[in-house]
Structure formats: C-alpha cells, structure tokens
Amino acid sequence: MNTGSRLERLEKGLRDIGLEPVKAPGVLRVDAQPESLVPAARLAVEHGYDHLASVEGIDWPSEGVIEVIYHAESYDEDLRGTLLEIRVKVPRDEPRLPSLIEVWPNALFLERETWDLMGVVFEGHPELRRLLMPPDWDGPPPLRKDFKVKTEGVFVNVE
Amino acid sequence: MTCPFMGLAFLGRLEESSRKAAQWLVERTPVRSLRDWAISFSLWPVHFTTSCCGAEFAAVSAPRFDMERYGFLPFNSPRQTNLLLIEGTLTRKMARAAEIVYQQMPSPKFVVAMGACAIDGGIFHNSYNIVRPHELFPIEYFIPGCPPRPEAVAQAIVRLHEKVKRSEYGVKARET
Amino acid sequence: MSSSVMEARLLEKEGDEEVYEVFIGPQHPASGHMRLIVRLEGDVIVGVDPDIGWVHRTMEKLAESKEALKAIPLLERMTIIDSQNVTIGYVRALEKLLGVEPPPRARYLRTLLSEINRIASHLYGMGLAGIFVNHSTMFMWCFGDREVWIQLAEELTGARLTHSYSVPGGVRRDLPQGFKEKALKAIRYMEKRLDEYHRIFFDNPQVRARYEGVGVLKPHEARRLGVVGPNLRASGVRYDARLLGDYGVYDELEFEIPVREEGDAMSRLLLRGDEIRQSMNIIRQVLDKIPEGPILAEKYLRLIPPKLREPALKEGRIKFPGIFANLKLPKGEAVARAEMGHGEIFYHVTSDGSKKPYRVRVVTPSFRNVILFRYLPPGHRFMDLPAIYGSLDYFPPEADR
Amino acid sequence: MFRGKVRRHVEAIATGLKYLVKPNRITVYYPEEAIVLSERYRGMIHYDWDKCISCGLCAMICPADAMKMYRKKGEKKARPGINYQRCIFCGYCVDICPTNALSFTRVHDVAFEKLDEMLYPPEKFTSEWRSPAEERGARRLRVVFDEERGLKHVPEQ
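Read top to bottom, the protein sequences are chains A, C, V and U. Position 83 (the first sequence) corresponds to 83 in our numbering; numbering is contiguous. Count along the second sequence starting at 1, add 159, and that's the number in our numbering. Count along the third sequence starting at 1, add 335, and that's the number in our numbering. Count along the fourth sequence starting at 1, add 736, and that's the number in our numbering.
The hints are simulated quantities; they were obtained by calculation from the structure and are not laboratory data. Since this is a predicted model, take the numbers as computed values, not measurements. Wrong hints could be hidden among the right ones.
[Claimed, not checked] Only pairs whose alpha carbons sit at most 27 Å apart, straight line, appear in this in silico BS3-like list of lysine-lysine: (1) V:Lys431 with A:Lys145; (2) A:Lys150 with V:Lys690; (3) V:Lys642 with U:Lys813; (4) V:Lys527 with U:Lys888; (5) A:Lys150 with V:Lys527; (6) C:Lys322 with U:Lys787; (7) A:Lys148 with V:Lys642.
Work out the full structure: start from the sequences and follow the hints.
Laid out in structure tokens, this is it:
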C-alpha cells in the first residue's frame with residue numbers, strides 16, 4: 001500500500017457518508033456535523049488513524065458557536081505525514097457532542113480537559129471531572145473568549 | 160531576676176510552667192546562640208516541588224553546586240525541616256498544599272521564594288490560577304530569575320545561614 | 336499528614352471493603368507536583384487515578400493575550416529542561432503563518448541546540464529514574480553530567496535553561512568561538528560515561544530486578560493510547576516527529592531512531608541511553624556540515640538598520656527588527672509537530688489577522704503520556720509503582736501547562 | 737546466569753570504588769569561589785541613560801510586562817524602568833534596543849530581602865551591578881571542557 005491508496009480510500013469513505021474532505025499541506029480537513037462525527041471517527045480508525053493527537057475547542061462568539069477540532073494521527077509510515085482534522089461546530093449556549101472515547105481511547109484526558117477549560121459536554125464520557133482547574137473553580141470556562149485576562153499598558157506615570 | 164513562669168509554678172500548673180521555663184532558657188544568650196548555630200547547619204528544605212524551578216533546585220543539590228556543604232539536604236517529610244523553598248509558580252490548587260506543608264513544619268521555619276513566579280507571578284502575573292506566596296507566608300529572601308541560577312539560590316541560602324547564626328531572624332519564623 | 340494531602344484510608348464503599356485508597360502527593364519525594372490516588376487490594380494495585388493540574392498556569396489563555404513573539408518565552412516555561420524543543424514547534428507554526436523560512440545556518444543551529452537539550456532532558460529523566468529506586472549515585476552522576484550540556488547550551492545562547500533561542504525566521508545567536516572543540520570534548524566525555532552508567536546502573540542486577548519486566552506496554556496498546564516519545568519507541572513502534580522532516584535539518588543527516596521491543600520499564604530507560612548516543616552523533620554531523628551564512632531570514636534582516644546590524648553580527652548575535660514588537664499574523668491556521676525529549680509536541684495556531692494569536696492549542700508529550708499512569712500500574716505490586724513512574728519520565732509542568 | 741549476576745555486581749561496586757579513589761570532582765565552592773559566566777550570558781540588565789532615545793520598544797516587547805516606560809510629569813521623554821519581581825531574563829529588550837542603551841551584565845547571583853528593592857525605576861536602573869560573591873572576595877573560576885572530567889574549573893589569572 002502506498003500513501004495515496006490508504007489516504008484516498010479514507011477520502012472516498014468520507015465522501016460516502018456525505019462529508020467533504022479538503023486537502024491542505026500535512027492535513028486532511030473535514031467539516032462534520034455532530035451526527036456524522038462518530039461514523040467519521042470510526043472510518044478514520046479503520047484506515048489507520050488509531051489515536052488522537054489533540055482535541056481542541058475554539059470559541060467564536062461572533063458566530064455563536066464553539067468549534068471542536070479533533071486531530072487524529074497515525075504512527076504508520078504512509079500516514080504519519082498527514083493529520084486528519086475533523087471540525088464540528090456546536091452552539092455556544094449548549095455545547096454537546098457525543099464522546100469519542102469508544103473510538104479513540106486516548107480521548108479520555110483530552111475530552112476531559114476540553115470540558116474543563118472550554119465547557120463542551122461530551123455525552124457518554126465516564127468522568128467529566130475537573131482535571132486542570134482547581135476543584136472549587138466556579139467561574140466560567142477560562143478558554144472562552146468572554147473570560148478576559150487583565151492586560152497592562154506600557155506607560156507608568158510617576159510624580 | 161523574676162521569671163514569668165514562677166507564678167504559674169506556684170499555682171500548680173507544672174506542665175505549662177516547665178514548658179515556659181524551657182522556652183525562657185532557650186531564649187537566653189548562650190543557649191540561644193548554641194541553638195541557632197546548630198539550626199544554621201541543618202537548614203533542611205522540605206522536598207516540595209511547586210513548579211519548574213525544581214529543575215534548578217535539583218541542580219543546587221547536585222554535584223556542581225552541592226549545597227549539602229551548608230547543610231542543605233532536601234528531606235521528604237516536612238516534620239523534620241526548617242526551610243520551605245517555593246520553587247516557582249504557586250497555583251491555587253498547590254497553594255493549599257503549600258499551606259499545609261508550612262503548618263506541619265516545626266519552628267523556626269523560613270521561606271525562600273525562588274524565581275520570578277514566586278515573587279510577583281513573573282510571566283504569569285495576569286494568570287487566573289496563580290497565588291503570590293508573599294501573601295501567604297513571611298518570606299526571608301526573594302531570588303529573581305526565571306529560573307534563577309543555582310548560585311543565586313546558594314547566595315540566598317548562605318545569607319540565611321549567616322542570618323540564623325547571628326540570631327537575627329524575626330519573631331514570625333519562630334512562632335507556632 | 337493532613338487528610339487532604341496524603342492519607343491512607345479504608346474506602347467505605349459497598350462490596351469493596353478490601354480496597355485501600357492511598358493518596359501520594361503532591362508533596363512527595365519524587366519529581367512530581369502531581370497526586371496519584373492509588374487503589375490497593377492488599378499489596379496489589381487495582382487502579383490509579385492521576386490527579387494533575389497542580390502546576391496549571393493557563394498558558395493557552397495567556398498566549399492568546401500576548402503578541403505572537405511574546406508567547407515564545409511563555410510556552411518555553413512548560414518544560415524548561417528542554418526549552419528549545421518545546422518552542423520550536425510554536426516557532427514553526429508562526430513561520431508557516433508568516434511565510435518565512437529560516438536560512439540553512441539557522442536550521443543547523445536549531446538542530447544543534449535541540450539535540451543538546453534532548454541529551455540534558457534525558458539525563459534529567461535518567462537521574463530521577465535512579466533516585467526513584469533509591470540509587471542516589473545515578474542521580475548525582477546524571478545531574479553532574481547534565482551540567483556539561485547545560486554549560487554548552489549556556490555558551491551558545493546565554494541562559495542555562497530558558498534559552499528562547501528560536502525566533503520566527505531564524506535564531507538569536509551564532510556559534511561562539513571555539514564551540515566545536517568544546518562540544519567534541521563533551522561528546523567524547525559523555526561516550527565514556529555512558530559505558531560507566533551501564534556498569535553502575537543499567538546492568539546492575541539490583542536495578543534490573545526493580546525495572547525489568549515491570550509495566551509492559553504492548554505495541555498495539557501504545558498505538559491506541561497515543562503514547563509518544565521514548566515510551567512509544569521502547570514498545571517497538573518506530574515513530575519520531577523528527578522523521579517528518581518539518582523542522583531542523585534531520586532529513587540531511589544520517590541517524591537512527593532507536594527502537595526496543597520489550598516495552599517494559601527497563602527498555603524505556605535503556606532507550607534514553609541509546610538516544611543520547613544518537614543525539615551526540617547528530618551533533619557531530621551538524622558541527623561538521625554547518626554552512627556559513629546569515630542566521631536570520633533576509634526578510635527581517637534588512638529591516639535592521641545597518642549601523643546596528645553589522646557590529647552585532649560580528650559579535651555573533653542579531654538585533655531584533657522593530658517589527659518584532661508588533662508582529663502581525665496573517666489570517667489562517669498552522670499545525671506543527673516537533674520531537675521533544677519526552678515525545679512529540681503538537682501545536683495548532685489559529686490567527687484572525689491581528690497581532691495576537693486567536694487560539695494556541697498545545698498538546699504536550701507528558702499530557703499524552705499521563706494515560707499510562709492509569710493504564711500500566713494495575714496488577715502490579717505497590718512497590719513497582721515508583722519504577723513505573725520513574726521510567727515514564729513524566730514532567731508535571733509540561734502536562735499541566 | 738548466576739555467575740553473570742555476580743560479575744555485574746562486582747563491576748558495579750568496582751566502578752563505585754574507582755570513583756571513591758579518584759573522584760570526578762566538579763563542585764564549585766560558592767561563595768568562596770565563583771564561576772565567571774560566559775561572554776553572552778543574559779544576567780541583570782544595565783541601562784545607559786545617555787544612549788536611550790525613549791522609543792519604548794523594550795517595554796512593548798517585554799513578555800512579562802516587567803519593563804515599563806516611566807513618564808514624569810512635565811517631562812517629554814519617558815524612560816524605561818525594570819521590575820525584577822517579574823523579569824524572566826529572556827533578553828528581548830536588549831536585543832530590540834535600537835541604540836544599545838540596554839546591555840547584559842554577567843551578574844545573576846543576587847537575592848533580595850524586600851520586595852521594593854527589586855523595583856528599578858530609570859534612575860536606579862543605571863546603577864552598576866556587582867556580583868555579591870565577588871564583593872566578598874570570591875576566587876574567579878573559568879569553566880573548561882575536559883575529556884576526562886567533563887567540566888573543570890580553573891582559576892582565572
């Protein structure tokens with residue numbers, strides 16, 4: 001099997017379930033819907049993308065959505081140069097997604113962290129507990145854009 | 160010379176009066192200087208790594224800078240230590256643990272803040288998850304740097320060493 | 336000790352009165368600023384819950400609030416023992432966004448410092464693995480020899496640990512006078528020492544008894560769990576982000592990726608020794624092949640006034656162009672992966688066209704390896720836990736960010 | 737198997753004994769001895785009042801917000817001051833300074849007793865730095881790489 005064949009078969013498979021993969025340097029990008037997330041992930045595992053490199057949330061307050069991005073990675077020689085990027089948009093006020101822990105077991109800590117810092121609820125995840133934040137944290141999820149960090153100016157006035 | 164604990168002895172509170180008597184004796188000059196001389200050679204820090212300055216903390220106890228020459232031997236249990244070295248950032252979660260460790264240490268106890276993060280947060284000064292150690296503990300020395308060179312830590316330890324030998328440390332370190 | 340810090344107590348749950356919970360940390364005599372909640376049945380571990388986040392310094396959020404260049408020293412603080420490798424991924428992501436490529440000499444210099452850092456990082460890990468099983472000699476030797484490499488890095492960059500060496504488009508300092516001889520001496524010294532490490536530690540039957548056959552990770556499991564770095568390669572999977580050829584000059588050099596098949600704690604330790612040899616091999620080649628030329632991309636170099644540029648270049652350093660204070664990132668996104676001493680680091684930088692990155696996502700090798708704390712110890716004796724912990728070379732500030 | 741183990745035990749002990757007899761000593765007896773830091777070491781920062789053109793680039797690039805421009809009432813020029821409570825010694829300010837008004841010193845072994853001592857407004861920022869160890873008369877040592885010993889510290893003449 002060469003690079004083309006496995007990757008191309010994955011692309012074809014993704015098209016079959018109604019998704020449109022886009023090729024970028026080093027990345028195969030797919031925009032998915034919450035419903036098509038699990039089938040797409042299962043397809044990726046079948047074609048060699050057997051673990052996640054990252055789960056990430058990006059807050060877009062202007063559009064009212066949180067974009068959750070999964071980067072799947074493979075250690076196989078023919079696939080390691082290309083990351084599979086699955087993007088899902090969920091409404092900002094009620095971000096819910098199915099958990100991918102059954103598909104990619106190492107989503108355990110990555111999803112828990114995204115819940116902790118971005119407030120995305122992964123349904124079916126066995127332990128959505130605080131991971132990095134202190135257990136008594138009651139503020140908003142800190143990575144959301146409405147959580148502002150204090151910044152300082154350059155000038156100080158002295159007498 | 161009158162002693163404050165004499166009255167207590169007359170009242171029959173032997174245990175309390177003997178404790179006070181011992182304290183009074185220890186504070187007198189020859190005994191106190193002997194005690195401080197002894198303390199200065201056993202400034203054992205508790206092995207409590209709060210953050211990444213721990214890498215340089217390890218270098219301080221490693222062969223090149225070998226602070227064991229000054230009785231600086233990281234020790235596992237806070238019950239046998241006098242020195243708490245805050246190594247870098249103190250997060251909210253860690254601050255609680257640090258307070259517990261500090262309470263467990265026997266007096267006299269000294270705190271040295273190592274690194275910019277342990278002084279004013281350093282590069283993380285506007286982070287939502289950090290605590291400034293000087294709001295929690297009385298701090299003897301601040302060591303700037305991110306991370307400070309092992310020599311800078313040695314400098315603080317040597318100065319603390321001399322300070323203890325001269326019995327110049329404050330009441331705060333001695334209390335509790 | 337107080338109840339919330341370290342405590343052993345009987346769990347009063349129905350059905351499992353036999354299970355003890357032991358809280359280890361966050362103040363414990365190991366490297367860790369983390370807590371392990373270990374569930375024990377007699378002497379056998381039935382479950383471990385790694386409680387991390389004690390050093391969570393909110394780097395992803397702070398990186399959003401700073402100009403792009405300022406995030407380099409910020410992200411460097413994740414792993415100060417390996418600071419070139421931790422920032423190179425971010426710098427590569429910025430370079431992809433900005434459309435700059437570093438000149439060849441800068442790429443060689445980056446590779447040089449990357450490998451020096453990798454050796455220092457592995458020595459740190461090996462030293463701690465020694466002290467985990469009470470082998471103080473190994474700790475002292477590793478930390479003493481680590482100073483050689485730190486000194487080398489200091490003469491190149493000007494700081495012991497936090498080098499902040501790479502900037503978009505190049506590096507900040509050129510090779511100092513006589514660096515090659517010093518580096519070669521250090522390499523020859525280290526080669527001799529590695530043999531002695533074998534004699535006193537790796538081949539020592541007492542150490543073998545503690546580390547051999549403990550915490551076995553099979554290749555299939557390592558792949559599925561997304562384990563990275565020496566922990567992955569010790570399980571027989573040949574993967575290294577340096578093979579991607581995305582940064583440095585690894586595609587122009589000849590080196591091997593050491594792989595071991597056993598997957599136990601001992602092989603994870605031995606693999607670090609093998610990697611130190613390979614890193615020294617790389618440093619030798621870099622010093623032989625390094626080309627002459629500028630160390631910063633022409634695009635930025637010509638923005639520095641010549642009156643300032645020439646004397647600085649003669650000293651072997653560059654001045655920053657004024658634009659670096661307000662570097663504007665074009666709209667877009669970039670992904671970069673780099674191999675640290677602990678494993679692969681992943682960066683995803685999204686920009687909305689302003690000076691500050693819109694979102695910086697970083698997944699560190701230690702964070703990906705945390706899952707092993709949960710996966711490996713169950714079924715082992717409690718006294719095997721330090722051996723497993725020590726062999727993973729886990730660095731908490733890196734995992735917590 | 738058994739014989740191999742015995743041999744390895746003996747080898748480990750012999751290696752230990754070798755270093756007992758001939759130790760590989762790299763200890764620097766600080767503060768009686770002090771290492772002379774390398775030429776380009778990024779230590780405490782020195783400010784040259786006359787060279788400064790008040791461009792503010794150093795304060796703009798400071799990642800830790802340690803460098804600030806101090807503006808005095810009635811004066812046109814603002815001048816930089818540094819706060820060592822935050823400084824992380826990345827050296828960005830020195831590298832961006834267009835007139836070389838900022839420069840590194842090779843002093844980094846300082847400790848402060850009070851918080852305010854670490855604030856360096858422009859006037860104080862120009863003061864000279866001296867290593868506390870050297871003020872106490874420490875012997876200056878040069879670091880030499882050595883094939884046999886790794887690092888050697890030899891007195892600077």
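Quick rundown of the hints versus the structure:
1. Straight-line distance between C-alpha atoms of Lys431 (chain V) and Lys145 (chain A) comes to about 25 Å, which keeps the hinted pair within the 27 Å bound.
2. Proposed proximity of Lys150 (chain A) and Lys690 (chain V) is supported: the alpha carbons are some 17 Å apart, at most 27 Å.
3. The hinted pair formed by Lys642 (chain V) and Lys813 (chain U) meets the criterion: a straight-line CA distance of about 24 Å does not exceed 27 Å.
4. For the hint pairing Lys527 (chain V) with Lys888 (chain U), the CA-to-CA distance comes to about 17 Å; that is within 27 Å, so the pair holds.
5. Taking the CA atoms of Lys150 (chain A) and Lys527 (chain V), the gap is near 52 Å; set against the 27 Å cutoff, the hint is violated.
6. Taking the CA atoms of Lys322 (chain C) and Lys787 (chain U), the gap is about 41 Å. The hint is violated against a cut of 27 Å.
7. Distance restraint check for Lys148 (chain A) and Lys642 (chain V): the Cα-Cα separation of roughly 42 Å exceeds the 27 Å cut-off, and the hinted pair is therefore not satisfied.
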